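Fit chain P to the supplied structure of chain U, relying on the hints for placement.
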Amino acid sequence: MSRLTYIIRASFLGVGLLLSACATVDPEVSTQGVSDPREAENRQMHAFNKDVDRVLFSPVADGYGMIVPKPVRNSVSRFADHLSLPNDVMNNLLQADIGGAMHNTFRFAVNTIVGLGGFFDPATAMGVQRADTDFGETLHKWGAPEGNYVELPLFGPSTTRDTVGLVVDLVTDPVTVALEAPERYLGTGAYVLNKLGNRYDYDATIDSLLYESADSYAQARSIYIQNRRFDLGITSGDAYADPYLEP
Amino acid sequence: MQSETTRRMFLGGVAASGLVALTPARALALSDAQATQLVDRVVADINKVIASGGSLSQMISQFERIFARYADVPIIARSALGVDARRASSGQLRAYTSAFQGYIARKYGKRFEEFVGGEITVQGTRQVKSFHEVRASVKLRGQSPFQVNFLVSDKSGKPRFFDMIIEGISLRLSEKEEIGAMLDRRKGNIDQLVADLKSAG
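Line by line, the protein sequences are chains U and P. Going by the working numbering, the first residue of the first sequence is number 2, and it counts up by one from there. Going by the working numbering, the first residue of the second sequence is number 487, and it counts up by one from there.
Just chain P, same shape as in the assembly:
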């Protein structure tokens, strides 16, 4: 395990130096290796949570920590709110982002039970436009493996993932649809949305 990690870091380093040499003039700060490294850490943390087999509420809070630490929560939340984000005050946006984080943690943290005994492995990285896509494979007990891709950007200042795409299904786009529907039901009232998000998921 240790030697494998070292080897991967070595290869990552080689790839990174190669990339720098090939693209000296690009202002792009994030490398494939850095993007992979971020997802490696996410995956290691998730695998740890799965292996620990804690209670549901423990898993949810552990998932929220991982989400807050490695994901660009403000951009995911803002994107899910869509054009309505433009008319929100900065106070509303702050309250909404924090409610959104808890909502995502509860909604997807619950799913962690299904992952117990499973394993995630990072497979490769490619650059898409200004960001990177890191491909991973998830193997659950008694099921054929499925694909999870992480979209990573450093436009927030640090490498962070801003989407998780499971077999083509984007968390960000699905939540955009859901948050949009919630807001419609509340006749566009953002404060009401924030209040209800705190208990949703």
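Isolated chain U (complex conformation):
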């Protein structure tokens, strides 16, 4: 792992914490414990993202899913996951999670050598399953608050903290930094194909969320926040409020 990106990353941690700390949360505008003061702008971005999905992303995903057989698509997904492992290890280390760093380093070594460069996943068969992380989680571990809800162009639902995390992950990704063009676009290509594959495989679920709900913006926000908090190990959410005590 490149030491330089690690140093850059560590300095970003400080900046990220500062930025996240600046995000003010206004309880007046929160629904289900989500702060969303820029809801109007977010809704415009949501409408834009839906347009992109309808005219571009979903049709291309359909083409990809129909032309490329499932086993090949799965291999591409595994490869995309594989290329994110150096970034995961970097974040594990920044979180002072040595066990996680060893886990992901082991996955990377085994899947590179035995898994033919990451197209197969023998590590999971050995009981070492995928445990991804990101810089947003690193910021969370060091106490950065969630901030406000944000719907990003193309990337979709996020928060102030996770947007900072996403930018840092994109800019300092060890695979991108270590490789020269054109190899450095390998990761981006695998990433996009993986997203297309997911769009195809979960077509019914995503369509129902985006095009059949009464308010797809509110659904996406609620689902993203609940799932994200779960991933970060926050388990004391509204779901555990006793509904039998509601008046």
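Honestly, I wouldn't trust all of these hints.
[Claimed, not checked] Below, in silico cross-link-like pairs of lysine-lysine (DSBU-like), each with a Cα-Cα straight-line distance of 30 Å or less:
{"no.": "1", "chain 1": "P", "residue 1": "K596", "chain 2": "U", "residue 2": "K51"}
{"no.": "2", "chain 1": "P", "residue 1": "K684", "chain 2": "P", "residue 2": "K644"}
{"no.": "3", "chain 1": "U", "residue 1": "K71", "chain 2": "P", "residue 2": "K625"}
{"no.": "4", "chain 1": "P", "residue 1": "K625", "chain 2": "U", "residue 2": "K196"}
[Said to hold, decoys possible] Listed next, the stretches of chain U that the computed footprint assigns to chain P, with coverage defined by at least 3 CB atoms under 8 Å from CB atoms of chain P:
{"no.": "5", "region": "121-135"}
{"no.": "6", "region": "201-210"}
{"no.": "7", "region": "216-222"}
{"no.": "8", "region": "225-234"}
Hint data in this document are derived by calculation from the structure and do not stem from the laboratory. Computed from a predicted model, the values in this text were never measured in an experiment. Ideal placement from N, C-alpha and C gives every residue a C-beta, glycine not left out.
Same frame as chain U, but now just chain P:
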């Protein structure tokens, strides 16, 4: 399989008697074992539906039966309606609850296709406040397993689940958001909501 079930029941029994001995003064009727037992039955029924591989409409009606039998539908429906439940008449609430049940069955029953060939296993139970959380793991073909938790209470008089939380996403909270949005669109008209719910999902 048979011996495994027996063993689990035996362990459940031991756990239950232990719990009773430890908490003699608590009025809490529901034990971890009972909560687990309920989810075991839900899971067994769901696994049966998945294995049968029936048509979509068969799966939907089978899912509705499971939902009506093991879930506390009135409390889920009421909670999804939120504060508006307070101004609804008892007739409106009854009609709404029944429409809600069909809506949930159609909306989530459709998803059962994706579960064909998959398997759900119950992993453990913990007590949260006055209810129990039963953790289960879902393994679908060619995917890494994901977590589904059932929240179980007996405040309705019988052990029933009142929420299903998939990777942190609560069915009850997501539906609260959705039903709230539907009601807003109908300017708070509950009768209109009930009428539209009958064909939604």
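Would you list, in rising numerical order, the hints stated earlier that this structure does not obey? Those not satisfied: there are none.
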